[in-house]
Each structure stands twice: as structure tokens, then as C-alpha cells.
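Engineer: The task is simple: from the sequences and hints, build the whole structure.
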Amino acid sequence: MAGAAKISVKVIDVVEVNELVKRFKFERTDGGLMPTFSGGAHTVVEMNDQGTRRLNPYSLMSSPTDRSAYTISVRRDDEGRGGSLYLHNHVKPGMEMTISNPVNLFSLDLRARKHIFFAGGIGITPFLSQIKQLSAANNGHFELHYAVRTASLGSYADELLEHFPNNVDVYHDDKDQQIPLDKLLEGQPLGTHIYVCGPKGMINWILSGARKAGWPEQALHYEEFLAPEPGKAFDVELAVTGKTIHVKEQQSLLEAIEAAGVDAPYLCRGGACGMCETQVIRSEGDFIHNDHWLTDEEHASGEKIMPCVSRFDGKSLVLDR
Amino acid sequence: MPKTKFEPSIISRPVYGELKPKNGKSHLLIADVEGAQAILDLAKKAPTGFFNQAHIIYIPRHTGETYLAKLQKLNAKQHYVGPSFGAAQQRIQRVLSDAHNGLQIYLAGSEGLIGQAMREAIGLGFPHQAIQTEHRGSKARRMQCVHCKGVTEDVSTDPFECSHCGLSLFVRDHYSRRLAAFQGVCVDAEDPGNVPDKMEIT
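Top to bottom, those sequences are chains A and L.
Residue 328 is where the first sequence starts when you use this note's numbering, and the numbers rise one by one after that.
Residue 2 is where the second sequence starts when you use this note's numbering, and the numbers rise one by one after that.
Simulated from the structure, these hints should not be mistaken for lab results.
Every residue, glycine too, gets a C-beta built ideally from N, C-alpha and C.
Please note that a few of the clues may not be correct.
What the hints assert, rightly or not - Taking CB as the label site, the calculated pair distances span:
(1) Thr5/L / Glu489/A: 54 to 64 Å
(2) Lys642/A / Val16/L: 40 to 50 Å
(3) Lys333/A / Ile202/L: 47 to 57 Å
(4) Ile202/L / Asp613/A: 28 to 38 Å
(5) Ser10/L / Glu624/A: 24 to 34 Å
(6) Thr571/A / Val16/L: 24 to 34 Å
(7) Gln91/L / Asn493/A: 26 to 36 Å
Unchecked claim - Okay, derived cross-link-like pairs now, DSS-like style, lysine-lysine, Cα gap no bigger than 27 Å in a straight line:
(8) Lys4/L / Lys140/L
(9) Lys71/L / Lys539/A
(10) Lys337/A / Lys349/A
(11) Lys539/A / Lys559/A
(12) Lys26/L / Lys539/A
(13) Lys140/L / Lys441/A
(14) Lys559/A / Lys642/A
(15) Lys78/L / Lys539/A
(16) Lys74/L / Lys510/A
(17) Lys6/L / Lys510/A
(18) Lys441/A / Lys337/A
(19) Lys4/L / Lys21/L
(20) Lys45/L / Lys74/L
(21) Lys45/L / Lys539/A
(22) Lys539/A / Lys6/L
(23) Lys26/L / Lys510/A
(24) Lys570/A / Lys559/A
(25) Lys23/L / Lys441/A
(26) Lys539/A / Lys23/L
Structural biologist: Shown next as C-alpha cells:
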């Protein structure tokens, strides 16, 4: 089977954090310990939404030293394809579910002399486990700059401020407070690393500011899970398995490949990890690349596609799968 | 003396590039011996004002006064000339620990100088990939004896005798960034006394 190893879990707690965010706690059904993980890791939650199989990645926010349970926080996306709505509306304590072993595409570089975290909205979740990791090991010098829409939507802002008053700054959009990026980028000790998780605009703003200020590329870390964007339906020929599949408007190419019974590799399902990279054998039409993995040259070459988030619009597409 | 060419080797063996001015708030240039020429070549490509924010640390060793006047003419904001890496080490450590992100680091000259200066920067969490390097001059290496752990500087033959324990050591391309040294392994362990003829390292 593709993907990371699976864990059978029971939902033991569902808590409403605010009007948009719910927190879910999972324990193993066999009573054992969860696999260990490092701050910034995510798990892929499997959902059976009235016959549609959904697999969505969510950052683990609990302490990496606590192996009794995993905790995630999910922001409801009323406009999304339905994964977060399913979790918000259907998942109740006592339910049994399947999640994946943890995978970390956003780990701390522990060689850093200092870590600066930039979070936007629900992008706070990976930093919660990273901060717990740093404070448990007592080896982390960190700052968190957390932008939220309003105080009531600032998930976990109050507890962070209470526990780490000297490390955490929260900025409220509704009060026109902005992260003072230029000031923050100046005067940071050599060897400081930056981590960003939030909306695309925020990630680009912070990364380009740091690059302009001469920060080393390898000291810049970011994570953005992309939800597969819906689009025009299209047909694909799978050369290895000899199948022709139809990708529906609301379905991702990867989901359509899986629905046809083909076991295709995947890990993050959000365009970040590179695991599902697939060779294009022939194509006539335009690729709609949405991933963070392939380079601009690879996107332009028409030789590769990341089926978890990217689509195709044209006459014919033949994949090496 | 031009930029040194090396034969392709195992992945562990460091590869060196060519110094180019990078966008940054300040610039630290550390060189020894013929590495001075790499700084002089970089200066030809540098934008105006580059050296107003630059600190040059230079260790001439056998090149004596060859490059001193030319380097001085670059009018760097800070300019230091010293007799050895060991003598300059505390200055380098102080400069790096006081520095801020936005500093660009350029290293040129011998492998020993490049490796040791890089070790100081990466020890502070600065990514090694972000450090520019250019090799100039002798291909002599800084070698660690894997047996006694002693480091022998400026090794120019293969095999060579460890300056600490005296074993005859084979010069490997296996490099440690943490130690800033290549690994030297006993060449006659299985057949004591059967030591191959020394060859110049090329």
C-alpha cells in the first residue's frame, strides 16, 4: 500500500476551540503507544464521506514527548471540498478512524542558533508541537509572530502568551496590526532560521523579504498544504496498468487513480513532499501545476506532474502509472 | 595563480566554486595565501560601496607581501592581516558571533583555511551551502588521523606520517565538515612495514 503506515485510532475528544476551529484527540484502538514524532510533523486522516474517500494532512499539535495520543486542530472550510466539514460535522468522540504514521516535511533545523516562527491563522498548528519540543528539551531560543483575524479567532493565542510572554507576539488584522517584518529581519544573530506556515501571500511576503535582506535560502523553511483545486473534468490514460480514467471536477487526479484501483505512491497529498511525482509519457494540452515540489523548468517541460494537486486541460494525457 | 581544478571524486569531497558578490547587508571575506587573488577578482565584479560594508581577514603565510598592497587598496571597512589561522581564530569567532543574518561569507585559499573558517560559521547554525568558497594555491590538505585523532596540517604527499602518532596514513577523499579535515587511515595495518612510495597529492 502507498502512503505511510496506518494506525487504527479512536476519537477520544472533540473540542470547539472557536467558531471556526475544532480540536480532535486520537488514541490507538489497541491501547498501545503512538509512534514518536518531531515538531512540525503531520498525519494523514482518512475519511469515508458518504462513499467518497478523503485523505487530508493535518499538523500534529500535541507534544512530541507525549505518545499516549495525537491531537490535531482543524479549521472549517465552508468553501472546501468537504474534508474539514466532515471532521467538524460528523466526527464524534468514540468513533473509530484510520490515520497515518507521522511524516515531517517541516522539521526544526536544530543546528540553528535561534528559530523565528511566523504563523498565519490555522498555520499555528505545526508551531505548537515545535514549541513544545523546544521547551521540553530546553534547547530552543525562539520567537513566534502570530497573525490572526480577530482575537476570538486566534486559536491558542492566549495560552501561548501566558506560557511564553517573552517569546510570543500576536497581531490582530481587525486592529490593523501587522507583523513588522523589516524590523524583525534586521539584527537577528547569524545562524537564525525562519519558519513560515500560513496563507500563500504571507509565505511569499516573508520569504521574499528575507531573501532581499540577504538571508541564506537554507535558513528559510515553510509549509503550506494545498487542498486539491477543483477544475474541469478530464480523461487520463494510465500506460502501465492499461486503464483509462475520468477525473471528476471535484476529484484530484490522485484520487481518480486510486478510485480506479491503482496503488499510486503518495505521502502528504498537499503538493509538498514529492512522493507522488509521475512521469508524463504523452500529452496534448495544458498542465495546471499547483505543487511546491517541481521546479519551474520541470513545470514547463511537460514531463512530470504531481497528481495530488495538479490537473490537466486538453485532448489527451498518458501517464507512466 | 588561477582557480584550482580538482578531479571529480566521492560525494564527501568538498567542491569549490568561484567567489561572486552577493546581495547582503555586510560581507566577511576570509582568505589565506593565493586566496587573496580570489578576493581581488571578486572586487572587479563587486558593486560600488561593496567594500564599505566588508571585513577582510587575510593570512598571507608563504606569499609574504605579494598581495598586501593590492588588498589594502580595496579600502575595506575593516582589514586584518595575521600570521596563521590559529592567530586569527578568536577574531573570526568574535566577528561571527556578533554578526547578523544578512552577512555574506566568502572564503578563499587553502582547503585548511576554507574548512576551518566554515566550521566556525556552521557551528553557529549558518548553512554551509550558503557560504561561498574558492580554492587557490597548493592542494595540501588538513588531515585527521582516524587512529590517534591528531590533525596534521599541510599534508602534500600520500601516504604521509601522522605528526602525532607516527603511523603511515593513506590520504582519503572522505571529509568531515565538523572536523574541517580529511580522514587519514593506516596504510600498512595488514602488512606492517609495507608502505607504498609517497606521491605528491594532485
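Engineer: Going straight from one Cα to the other, do Lys4/L and Lys140/L come out at no more than 27 Å?
Structural biologist: The given pair, whose Cα atoms are some 11 Å apart, holds under the 27 Å limit.
Engineer: Checking one constraint from the list: CA of Lys26/L to CA of Lys539/A, max 27 Å. Satisfied?
Structural biologist: holds, 10 Å
Engineer: The hint says 28 to 38 Å between Ile202/L and Asp613/A; measuring C-beta to C-beta, is that right?
Structural biologist: At 55 Å between Cβs, range violated.
Engineer: Would the pair Lys441/A and Lys337/A pass a check requiring their Cα atoms to be no farther apart than 27 Å?
Structural biologist: With Cα atoms ~37 Å apart, Lys441/A and Lys337/A exceed 27 Å; violated.
Engineer: Within a Cα-Cα threshold of 27 Å, do Lys45/L and Lys539/A meet the stated pairing?
Structural biologist: Holds, at about 23 Å.
Engineer: Does Lys510/A sit within 27 Å of Lys74/L, going by the straight-line distance between their CA atoms?
Structural biologist: violated, 34 Å
Engineer: Quickly compare the C-alpha distance for Lys71/L and Lys539/A to 27 Å and report which way the hint goes.
Structural biologist: violated, 31 Å
Engineer: If you draw a straight line from the CA of Lys539/A to the CA of Lys23/L, is it 27 Å or shorter?
Structural biologist: Holds, at roughly 11 Å.
Engineer: Holds or violated: are the alpha carbons of Lys337/A and Lys349/A at most 27 Å from each other?
Structural biologist: Holds, because 16 Å separates the two Cα atoms, which is no more than 27 Å.
Engineer: CA of Lys140/L to CA of Lys441/A, is that 27 Å or under?
Structural biologist: Between Lys140/L and Lys441/A the Cα gap is close to 36 Å, so the pair fails against 27 Å, i.e. violated.
Engineer: Holds or violated: are the alpha carbons of Lys559/A and Lys642/A at most 27 Å from each other?
Structural biologist: holds, 12 Å
Engineer: With the threshold set at 27 Å, check whether the alpha-carbon distance from Lys570/A to Lys559/A stays at or below it.
Structural biologist: Distance of about 20 Å is within 27 Å: holds.
Hint violations for this structure: numbers 4, 6, 9, 11, 13, 16, 17, 18 and 22, all remaining hints satisfied.
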